[in-house]
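Numbering-wise, this note's numbering puts 122 at position 122 of the sequence shown, and it's gapless, one number per residue.
In short, the hints are calculated from the structure, not lab data.
Possibly wrong hints are sitting among the right ones.
[What the hints assert, rightly or not] With a Cα cut of at most 35 Å, we get these calculated DSBU-like pairs of lysine-lysine:
1) K144 <-> K174
2) K174 <-> K55
3) K77 <-> K167
4) K55 <-> K3
[Unchecked claim] Pairwise CB distance ranges (calculated):
5) E100 <-> K214: 36 to 46 Å
6) I215 <-> W74: 30 to 40 Å
7) N73 <-> I170: 32 to 42 Å
8) P40 <-> G149: 28 to 38 Å
9) H26 <-> E129: 22 to 32 Å
10) K71 <-> H166: 41 to 51 Å
11) N18 <-> D151: 36 to 46 Å
12) E90 <-> I170: 37 to 47 Å
For each residue, glycine too, the CB sits at the ideal point set by N, CA and C.
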Amino acid sequence: MKKRLVYELKNIEKKYHNNTVLKIKHLQFHPGTIYGIIGPMGAGKTTLFKILSGKEKPSTGKLIYEEEEFKINWLGKIKPFDSIWYGNIEDLDGKRTVSELLPRSKNMTQVKNNDDYFNSKSNKTLLSEKVDNISPSEKAWLLKCMLRGQDPRVLILDDYGVYLDHKREIEFQKLIIKMNKELGTTIILGSHNDRNIKKFASVLIYFDNGHISKIRPGISSKKSRK
1 MKKRLVYELK
11 NIEKKYHNNT
21 VLKIKHLQFH
31 PGTIYGIIGP
41 MGAGKTTLFK
51 ILSGKEKPST
61 GKLIYEEEEF
71 KINWLGKIKP
81 FDSIWYGNIE
91 DLDGKRTVSE
101 LLPRSKNMTQ
111 VKNNDDYFNS
121 KSNKTLLSEK
131 VDNISPSEKA
141 WLLKCMLRGQ
151 DPRVLILDDY
161 GVYLDHKREI
171 EFQKLIIKMN
181 KELGTTIILG
191 SHNDRNIKKF
201 ASVLIYFDNG
211 HISKIRPGIS
221 SKKSRK
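All chains, full assembly: derive it from the sequences and hints.
As structure tokens, then:
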């Protein structure tokens, strides 16, 4: 019996101005799995994430999501799937305030105890700040807050844990693991090193110069086989 896949990439290539930044012959992502995409700056991680989330089209090749290809609208742009949640601090709407991006309840009041950082007395003024004016670490934490209460089929996070201190990264990690275990969310996380991700990811995929250099099991995968 053929195993169900979340993603399947075949002969994917992405070029910018005739420069190839991503080249993948074949890659599969399985449902309910936590993946770490590891590589230095310029390795192709963000390009891969934008293709997987439907924000960009590959130059060549085929991308299958849940047995379907991404559809193209009449303007030639990709129609992204609502079941994919992509987070990158560079893509946050910098003109909106922190408060506008935080999750809200059905009666449109801010969720109680939404976050101890943004709701603390010393940081209350941050709620009215434009996202462009807050620090990278605050933007990374805002992504975590925005994720709370979501139920995507796939969660893609770029630069996971890069801007957070140890305490905040552990809190973020707990939310991700909870989503994976309780909701069955497929998680795809990117980072320039595997220090944090390897502790809870099942699969680590290493990139270098737009190519997959190696694929290894994470520590959690090794423990589950013992």
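Consistency of the hints with the structure:
1. Straight-line distance between C-alpha atoms of K144 and K174 comes to about 11 Å, which keeps the hinted pair within the 35 Å bound.
2. Distance restraint check for K174 and K55: the Cα-Cα separation of roughly 27 Å lies within the 35 Å cut-off, and the hinted pair is therefore satisfied.
3. Straight-line distance between C-alpha atoms of K77 and K167 comes to about 40 Å, which puts the hinted pair past the 35 Å bound.
4. Among the hinted pairs, K55 with K3 is consistent with the structure: their alpha-carbon atoms are about 27 Å apart, no more than 35 Å.
5. One distance hint, 36 to 46 Å for the beta-carbon pair E100 and K214, holds here, with the actual separation near 42 Å.
6. The given range of 30 to 40 Å is respected by I215 and W74, whose C-beta atoms sit roughly 38 Å from each other.
7. Distance hint check: the CB atoms of N73 and I170 are about 41 Å apart, consistent with the given range 32 to 42 Å.
8. Look at P40 against G149: about 34 Å separates their beta carbons, and that is inside 28 to 38 Å.
9. For the pair H26 and E129, the beta carbons lie near 45 Å from each other, so the given range of 22 to 32 Å is not met.
10. Look at K71 against H166: about 42 Å separates their beta carbons, and that is inside 41 to 51 Å.
11. Take N18 and D151: their Cβ atoms lie about 41 Å apart, and the range 36 to 46 Å holds.
12. In this structure the supplied range 37 to 47 Å is violated for E90 paired with I170, their Cβ-Cβ distance being about 24 Å.
Checked against the numbered hints listed earlier, the structure breaks hints 3, 9 and 12; every other hint is satisfied.
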